[in-house]
Amino acid sequence: IQKADERRFAELTDPHARPWTKQLFDRTIETRRNVVFEGTMREAGPITETMRRLKEAGYYVVARVIAANERDSMAGIHRRYEEQKAAKGFGRWSNVQAHDDAYKGMPATLEYIEHNKLADRVQVYDRKGNVLYDNELQGNEWKRQPAAKTAIEAERERPPTPEERRQQEAEWATILAMMTARRADEREIERVRDVARQYGGQQYPEHKPAEYERQDYGRQQPELRAPETGKTYQGPIVSADDKHVI
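The UniProt record's numbering puts the first residue of the sequence shown at 1, with every later residue one more than the last.
Please keep in mind that the hints were generated in silico from the structure rather than gathered at the bench.
Hints may contain errors.
To be verified - Taking lysine-lysine pairs in the BS3-like style, the calculated list, with each CA pair at most 25 angstroms apart, reads:
| id | residue 1 | residue 2 |
| --- | --- | --- |
| 1 | Lys88 | Lys117 |
| 2 | Lys55 | Lys128 |
| 3 | Lys104 | Lys117 |
| 4 | Lys88 | Lys3 |
| 5 | Lys104 | Lys88 |
| 6 | Lys117 | Lys143 |
| 7 | Lys117 | Lys22 |
| 8 | Lys143 | Lys55 |
| 9 | Lys128 | Lys149 |
| 10 | Lys55 | Lys22 |
| 11 | Lys149 | Lys104 |
| 12 | Lys117 | Lys55 |
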């Protein structure tokens with residue numbers, strides 16, 4: 001399905017994925033399995049109902065989020081898409097509206113989770129894996145005054161360092177180079193170039209395909225590092241040794 005219609009993949013599969021996810025959670029809770037669940041927290045309803053069920057079933061629930069600013073977040077979805085296109089010819093696409101809805105909704109969802117004590121622990125990380133905020137229930141009260149949303153907003157609004165600015169510029173330059181290498185439609189390239197100017201704050205020149213076509217952009221696979229353990233994962237990130245719901 002994704003290969004046939006990568007731009008509408010999420011829209012087409014969501015009606016089927018939701019009941020399957022519910023069935024999987026039902027079975028997971030029934031058999032007392034550990035759970036690692038990833039999502040955007042775009043809206044509070046679905047995820048908080050799941051967390052409430054897990055809490056009622058006796059699970060220890062940890063809510064972890066990354067406080068990415070809009071510049072890095074937007075570059076990240078384009079970089080992921082181009083890497084997947086280079087590796088297998090199609091990729092996971094997130095449209096701007098879906099991105100913006102998730103970007104705006106996540107802090108409010110986490111605030112709701114903390115306010116209603118739907119997690120036993122709430123943590124906010126930066127993109128490097130540093131803990132910016134950590135709060136845990138002791139008995140039925142939070143160890144510190146709930147302020148997860150404030151921590152997210154503070155990191156998002158922090159001006160980038162000179163090195164971070166250089167990395168952002170290099171990221172957009174790489175994205176555009178990868179598009180040129182796969183000979184993307186010029187209108188698509190120009191659209192992304194406009195996004196790069198908006199979020200990267202620089203002018204990005206046109207490139208000739210020959211400059212980049214020999215580079216194997218699909219060779220490197222993204223890694224996910226678990227901040228507390230220092231482990232780096234490639235592929236499935238579920239371990240039988242994990243004890244908590246995240």
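Checked hints:
1. Lys88 x Lys117: Violated. Lys88 to Lys117 sits at ~42 angstroms, over the 25 angstroms cutoff.
2. Lys55 x Lys128: Answer violated: Lys55 to Lys128 is near 30 angstroms, above 25 angstroms.
3. Lys104 x Lys117: holds (21 angstroms)
4. Lys88 x Lys3: Within the cut-off at roughly 9 angstroms; holds.
5. Lys104 x Lys88: It is violated: about 31 angstroms lies between the C-alpha atoms, which goes past 25 angstroms.
6. Lys117 x Lys143: With a Cα-Cα distance of about 12 angstroms, the restraint between Lys117 and Lys143 holds, given a limit of 25 angstroms.
7. Lys117 x Lys22: holds (22 angstroms)
8. Lys143 x Lys55: holds (18 angstroms)
9. Lys128 x Lys149: Given that 25 angstroms is the threshold and the Cα spacing comes to 19 angstroms, the pair holds.
10. Lys55 x Lys22: Answer holds: Lys55 to Lys22 is near 16 angstroms, not above 25 angstroms.
11. Lys149 x Lys104: Cα-Cα ~11 angstroms, so holds.
12. Lys117 x Lys55: holds (10 angstroms)
Checked against the numbered hints given earlier, this structure breaks hints 1, 2 and 5; the rest are met.
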